[in-house]
Amino acid sequence: MTPSSRIRSLGWRTGLYGTVGLVCLLAILPIAWSLLTSFKTQQEVFSFPPTFLPERLRIENYTEIFGASQYAAFAVNSVVVASLATVGTMVLASLAGYAFSVFRFPGNATWMLLILITRMIPGIAIVIPLYIMAQRLGLFDTRLNLIILYMTTTLPLAIWLLKASFDTIPQDLLDAARIDGCGNLRTLVRVVVPVAAPGIVTTLVITFLANWNEFLLAQIFTATTASKTLPVAVGELTQHEYGIHWGNLSAMGMAIVFPTLILAVFIQRYVVSGLMAGSMK
Amino acid sequence: MAYGFILPSLALIGGVMAYPMFYSFYLSFHFRILSRPRLGTPFVGLANYLEAFRDPLFLRALWQTVYFSVVSILAECVIGLGVALLLNQRFRGRNVTRGLVLLPWMLSPVVAAFTWAWLLNDAYGLVNFLLMKLGVLHGPVLWLGDVGWAMGTIIVVDVWREVPFVAVVLLAGLQSIPDELYEAARIDGATPGQSFVAVTLPLLKPSFMVALLMRTMIAIRLFELVFIMTKGGPASTTEMLATFTYKEAFIKFNMGYSAATSVIMLLLSLGISLVYIRTMGGETALR
Numbered sequence: 001m002t003p004s005s006r007i008r009s010l011g012w013r014t015g016l017y018g019t020v021g022l023v024c025l026l027a028i029l030p031i032a033w034s035l036l037t038s039f040k041t042q043q044e045v046f047s048f049p050p051t052f053l054p055e056r057l058r059i060e061n062y063t064e065i066f067g068a069s070q071y072a073a074f075a076v077n078s079v080v081v082a083s084l085a086t087v088g089t090m091v092l093a094s095l096a097g098y099a100f101s102v103f104r105f106p107g108n109a110t111w112m113l114l115i116l117i118t119r120m121i122p123g124i125a126i127v128i129p130l131y132i133m134a135q136r137l138g139l140f141d142t143r144l145n146l147i148i149l150y151m152t153t154t155l156p157l158a159i160w161l162l163k164a165s166f167d168t169i170p171q172d173l174l175d176a177a178r179i180d181g182c183g184n185l186r187t188l189v190r191v192v193v194p195v196a197a198p199g200i201v202t203t204l205v206i207t208f209l210a211n212w213n214e215f216l217l218a219q220i221f222t223a224t225t226a227s228k229t230l231p232v233a234v235g236e237l238t239q240h241e242y243g244i245h246w247g248n249l250s251a252m253g254m255a256i257v258f259p260t261l262i263l264a265v266f267i268q269r270y271v272v273s274g275l276m277a278g279s280m281k
Numbered sequence: 001m002a003y004g005f006i007l008p009s010l011a012l013i014g015g016v017m018a019y020p021m022f023y024s025f026y027l028s029f030h031f032r033i034l035s036r037p038r039l040g041t042p043f044v045g046l047a048n049y050l051e052a053f054r055d056p057l058f059l060r061a062l063w064q065t066v067y068f069s070v071v072s073i074l075a076e077c078v079i080g081l082g083v084a085l086l087l088n089q090r091f092r093g094r095n096v097t098r099g100l101v102l103l104p105w106m107l108s109p110v111v112a113a114f115t116w117a118w119l120l121n122d123a124y125g126l127v128n129f130l131l132m133k134l135g136v137l138h139g140p141v142l143w144l145g146d147v148g149w150a151m152g153t154i155i156v157v158d159v160w161r162e163v164p165f166v167a168v169v170l171l172a173g174l175q176s177i178p179d180e181l182y183e184a185a186r187i188d189g190a191t192p193g194q195s196f197v198a199v200t201l202p203l204l205k206p207s208f209m210v211a212l213l214m215r216t217m218i219a220i221r222l223f224e225l226v227f228i229m230t231k232g233g234p235a236s237t238t239e240m241l242a243t244f245t246y247k248e249a250f251i252k253f254n255m256g257y258s259a260a261t262s263v264i265m266l267l268l269s270l271g272i273s274l275v276y277i278r279t280m281g282g283e284t285a286l287r
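As they're listed, the protein sequences go chains H and S.
Just so we're aligned, residue 1 is where the first sequence starts under the numbering used here, counting upward by one.
Just so we're aligned, residue 1 is where the second sequence starts under the numbering used here, counting upward by one.
These are calculated hints, taken from the structure and not from any lab test.
A couple of the hints might just be wrong.
Unchecked claim - Result set (SDA-like, lysine to any residue): computed pairs, CA atoms no more than 20 Å apart in a straight line: (1) S:Lys231 with H:Leu237; (2) S:Lys247 with H:Phe140; (3) S:Lys231 with S:Pro56; (4) S:Lys252 with H:Gly123; (5) S:Lys252 with H:Tyr131; (6) S:Lys231 with H:Ile244.
No experiment lies behind these values; they were computed from the predicted model shown.
With the rest of the complex left out, here is chain S (with noise of 0.2 Å):
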């Protein structure tokens, strides 16, 4: 009976995602390029494996993914923590605010990347004028199009987007402290700076580690912001494994390289959450 009920599920998720991971795996220990058909599908054992470590943009877009990982999760944990504070305290029109918060995380990524590269426009761009106008840019910057400021942007612009996540889920935790352990800490002579680092960080760890672990995963497959706002450029500068992979896809055909750097992939993403699960103390966590 149950099987009944869960069957047309699991046969969607295994036609349509585990079968495709099982033939990627297959994929990558041969050589198929799509537009030449009569090459065909020989196998090549892990020749797909070893190009993509001695091919320097691959090893480019593997350092600067983790790169951006690393520097926009540590900006949206810490940015994230001081509005989940902010909007855990009472105040008038507190429910609109945390509507209106989480507006930069509902926004389709398409219509986010476009919006900023607009604002940040060098020539006709609102950032470049207010930052002229303040007296912070003495001429205009290329926000997207300078190999110094493209990576930096691109996290900016990501920070924007992902903080109300980290914020949300950060004020979940919040609202599980019980008020009572406040109440002990300020009978025991603690002041606000102290029970906030004896008792809110201590209890809002299982929540930091829920953040940090679905933030990673999607950061690890950044792909609109990059493909709209750069395209990977200048200079490859702000290419991800994401889009690499897209462009040795779907617009060289390479399918045997390209479902190898996307195993890669794979593997990077399930690895970080085994760490993650497995630091958060297994099954509790999952639950």
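This is chain H alone, in the form it adopts within the complex (with noise of 0.2 Å):
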């Protein structure tokens, strides 16, 4: 290496990690700022120019919210809505993927697009007959209605998902099954789903991650602690007339928050590489 071109080298490096730092920055700056608001009391956060960090650790943003009983209802909404709509959407889609994935019948390419036609259909233009069908069938504000819609808005993409996910794997392994005497549940059971691993935990978290972010529908199908959700709570308080308790905010945010992080640290590379193959359908 000449010394100039290591010079140059040596720039070229500092700029690509100085911008690699600059873009992470930027990623994380909005949420970080949150997370240091939620330790603050109204008094700090109300104050010009900005403090940085909290004066101290203190969580009682975090038990004032989450003492109140309404909160505790919400999160637990959150969680049994989003966990049992992921479940039922992977149950069905599983079958529906490995359908369209191994059985070659009459209409399954038409199938499939009218499937991923119904992911165009925004949510805001079927939303006005389905609250007519809630009010008249007694769904009303109930974590079962919450639970039907988001099985039905997320399956359309699971199924392409897992779909292309089987479409991997070796048809010499299903044969094998078959040779054995394992019927079509039992090899989806026992071959497709262990061997799709990846396949599945991608669809997993993308599913989950929309069923626990979801507001809209949520907002206009929920009305009380019988089924209001996480995002619905925190829209609530944005809305708060005199003035609003950023730290309170910011608490629940992080509430709502940290299972994605987690889910972010621990299989980003499930979710990149997911929405890498998703992104080609």
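Each chain sits in its own coordinate frame; assemble them with the hints.
Encoded structure:
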């Protein structure tokens, strides 16, 4: 390496790491700021110039929020609805993805296309009839209603992702299972699901995040502690007429973000690869 | 046999998405105000649609949705390409960085919205403080309360949220370009700039089309950011089709009219998708 090219390479590396640092900072700064705010008193929050670090790690914002019974109920609703809807979607999408991947039947491609098209329907375009239907069926403000809605909205993408992932399983493996006397259901559970585990984890994470973060449907279809979820409760806290309690609000925001952070740290590789695969669909 | 596996999914999608979609069409040709059931549901033909195209607020929401989509998606594609190129370089901690960069996109939109509303707070927000400290601003700016700034601010926050998605899609495209092509370009005496224009950009076209298609579909539906940060204000300068339809349906309970505006949104969505899918080459793009 000549001295000049070494200097150029050093400059390149400095620029590269500098840019990477800047991009990462921009990505996490707002969340980090919110995390700091969640430990601050109302007095610290409303100080100018802003104080960067909280005086001490006080958790009162968290205990205040989740000590209030309704917020604990919202948290339970969020967990129950997002988990059950995700399980439901995964079961139905595994069955459908398996069928689309393994069976050759008339209308196979057409059905896949129709399922894709349902992804292009904006939620707001179907909520009006759904609202009238929910009122009529007595499903308004129930967890069951939200679970059904979430299962449906996440199904199309889940079917596509799982089909793509099942497509990569070698035919020999399926044949071997058949020779061993496995029926389709047993082949799916014993062979396909374990082999396609990375694709399944990706789909699971994407589905869960969509359910966990969902706002529009929950805002319209929930009203009380019977089914209201955390995002809706956060939305309400932001609309207070007489000043927003940013500390409390941030604490609640962090409770919503926490599972996302866990997923981002531990299984980001699956999500990135899944998104990449999914984006090609 | 196959149908037994598919039927549960199809039944759910049919009952909860397809049926309501047709119900929306039906409603859009009828008069219906939920809070006044005694007025019934008379057939009114195209009246709801004609009303929409005479309603200055609806036209404003339509134009602003288009404006928002075009500007934010353009910015997201340019910045997303930059980030994708960056993440495609070799450097230490690349995998962790790819995960970190994805965070804004994984974040709950409601949390992203209020977090930014707090950062952009006129009196105590970090953004005004930093910009004043750096001498860019002389006094605090009402980012979300000023008719001149609100739309731009919403666009910036949306770009922050969606750049990761575009970047990851483009990164997948970058990784699918074989090294031999760059090698060949280098042997032919192409500079890095020339091989970027002659190799990278043309081969990234399919990825760009995918990103454009997905982003357009989502941008047209923009709801959470506006609903939390501005409620469509100030003076309706950030009103979008989704927030407009929401208010008509669930504040005014004007179901027939809002069904019509939601059908317009649906047609816009499907129309744009079909154009993209056509351009991408039909079946191959869908695979």
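*Please work out if Lys252 (chain S) and Tyr131 (chain H) have their alpha carbons no farther apart than 20 Å.*
Cα-Cα ~14 Å, so holds.
_Holds or violated: Lys247 (chain S) and Phe140 (chain H), Cα atoms, limit 20 Å._
holds (19 Å)
*Straight-line Cα separation of Lys231 (chain S) and Pro56 (chain S) no greater than 20 Å?*
Holds: Lys231 (chain S) and Pro56 (chain S) sit about 18 Å apart, inside 20 Å.
_Check whether the Cα positions of Lys231 (chain S) and Ile244 (chain H) lie no farther apart than 20 Å._
Satisfied, since the Cα-Cα distance of roughly 15 Å is no more than 20 Å.
*asked:* Need the status of pair Lys252 (chain S), Gly123 (chain H): alpha-carbon distance at most 20 Å?
replied: holds (19 Å)
*Within a Cα-Cα threshold of 20 Å, do Lys231 (chain S) and Leu237 (chain H) meet the stated pairing?*
With a Cα-Cα distance of about 14 Å, the restraint between Lys231 (chain S) and Leu237 (chain H) holds, given a limit of 20 Å.
Checked against the numbered hints above, the structure breaks none of them.
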